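Construct the complete structure from the given sequences, taking the supplied hints into account.
Numbering (this note's numbering), first residue to last: 1 to 370.
Think of the hints as simulated: they come from the structure by calculation, not from any bench.
Fair warning: this is a prediction, and the values are worked out from it, not measured in the lab.
One thing to keep in mind: the hints can contain errors.
Lysine-lysine pairs mimicking DSS-like chemistry, simulated, CA-CA at most 27 Å apart [to be verified]:
1) Lys-134 / Lys-10
2) Lys-245 / Lys-178
3) Lys-10 / Lys-133
4) Lys-193 / Lys-166
5) Lys-3 / Lys-195
6) Lys-10 / Lys-195
7) Lys-227 / Lys-10
8) Lys-65 / Lys-123
9) Lys-166 / Lys-123
10) Lys-87 / Lys-245
11) Lys-3 / Lys-90
12) Lys-65 / Lys-90
13) Lys-65 / Lys-178
14) Lys-166 / Lys-245
15) Lys-10 / Lys-123
16) Lys-3 / Lys-133
17) Lys-223 / Lys-166
18) Lys-193 / Lys-245
19) Lys-348 / Lys-334
20) Lys-134 / Lys-65
21) Lys-270 / Lys-195
22) Lys-166 / Lys-134
Here are the in silico distance ranges between beta carbons for each label pair [claimed, not checked]:
23) Cys-351 / Thr-74: 52 to 58 Å
24) Asp-338 / Lys-270: 38 to 44 Å
25) Arg-276 / Pro-194: 19 to 25 Å
26) Glu-68 / Glu-181: 44 to 50 Å
27) Asp-217 / Thr-74: 26 to 32 Å
28) Thr-74 / Glu-208: 27 to 33 Å
29) Glu-208 / Tyr-6: 29 to 35 Å
30) Ala-269 / Asp-324: 22 to 28 Å
Each residue gets a CB set at the ideal place from its N, CA and C atoms; glycine is no exception.
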Amino acid sequence: MNKFDYILEKIATADFRSDPFRHLYIPDLFVREHFLEMIESPEVNIRPTQSDEELISELHRMNFKEIEFAGTTTDIPTYLEWHKNPKTEKNINQDTCDGFGVVLRLQRTNAGSILTDITEFFKSTSFLETLSKKFNINLNEVSPDFGLQKYLDGYEISPHPDIRGKALTFMININPGKNSEGLDFHTHYARFKPKWQYIQEYWRQNPETDRCWVPWDWVETHKQQTKNNSIIIFSPADDTLHAVKASYDHLVTQRTQFYGNLWFRELNAKPGTGWRDLERLRGSGRDHCVGPLGVGASRGALHEESTLIAELEERNAELQRICDERLEVIEGLKRTCDERLEVIDGLKRTCDERLALIKQLHMTDPQSLH
1 MNKFDYILEK IATADFRSDP FRHLYIPDLF VREHFLEMIE SPEVNIRPTQ SDEELISELH
61 RMNFKEIEFA GTTTDIPTYL EWHKNPKTEK NINQDTCDGF GVVLRLQRTN AGSILTDITE
121 FFKSTSFLET LSKKFNINLN EVSPDFGLQK YLDGYEISPH PDIRGKALTF MININPGKNS
181 EGLDFHTHYA RFKPKWQYIQ EYWRQNPETD RCWVPWDWVE THKQQTKNNS IIIFSPADDT
241 LHAVKASYDH LVTQRTQFYG NLWFRELNAK PGTGWRDLER LRGSGRDHCV GPLGVGASRG
301 ALHEESTLIA ELEERNAELQ RICDERLEVI EGLKRTCDER LEVIDGLKRT CDERLALIKQ
361 LHMTDPQSLH
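See below:
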């Protein structure tokens, strides 16, 4: 028996919720004793600091390391410059966002720590099998990813349903701050506004194409995961829109989560159609499929959307061909220039040889040059 086995029972018996999409929500995942021990651990309850530099140094000292993560950078100097001057420094995030952050993951825990025990539990076969049964996922087709993470101020991911490579996502709030539920850093769970619902239908009808981030004002938030010690679990689908925009004082406390995914080992979706191209579908009058087939949608409309995307792909291919042809011309010109430079070098060598001969003649017979 594992001391965290009660979590397996909570997940196995939890009812699925449908607003705004199919997910599990468990408000009190850990028993109080375990939860308090976690949020009071030195890795979670980082001491207050006086500057961004001091905070990052302290996180590094506690064995956190910045990781590649959506809406963030691992380039600490770039982040520090932007965080000091967000209005003047370049935003390197996607153009649906106003800023970016840094996510740091705990790299190792101390022996005997409750964080070590819970990390082993979340990576255990029993936990993964419980998720597999609940969400009907074949564990032979996925690879798990899990960690304790801290998200610094500025972290932002605009609304998105997750890429098709993810089979499952779960997030557990373990925020150490006493007033964390009132801070502005919690995950939004949303639905498309009516005029943008055709995008969800487009994704459904084009499963070979990946999904993308969309602007904030295209969606309506239905709920936020503000409660501490809560978990949300879902299998990414065309409607699983979620987003975060962290704006808070991370010198006092940090947004902290146990974060995990199951990733498909083999899934080759094409790059997603960008939000601007999806917006053009609406501008072209091809946005009239706002629900499932038979509920306001037509196969003709979906065919038109697919045709537009095919046209865009063909146009991109043509532009690529033109670029390739021009590169060939440039390469040809470069070769010609190289050949002419060789001729010039040859002429220069000939001139140098003749000048050397003239100097030699001058030295042996000065009168010969008159």
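Hint numbers not upheld by this structure, sorted from lowest to highest: 5, 6, 11, 20, 26 and 29
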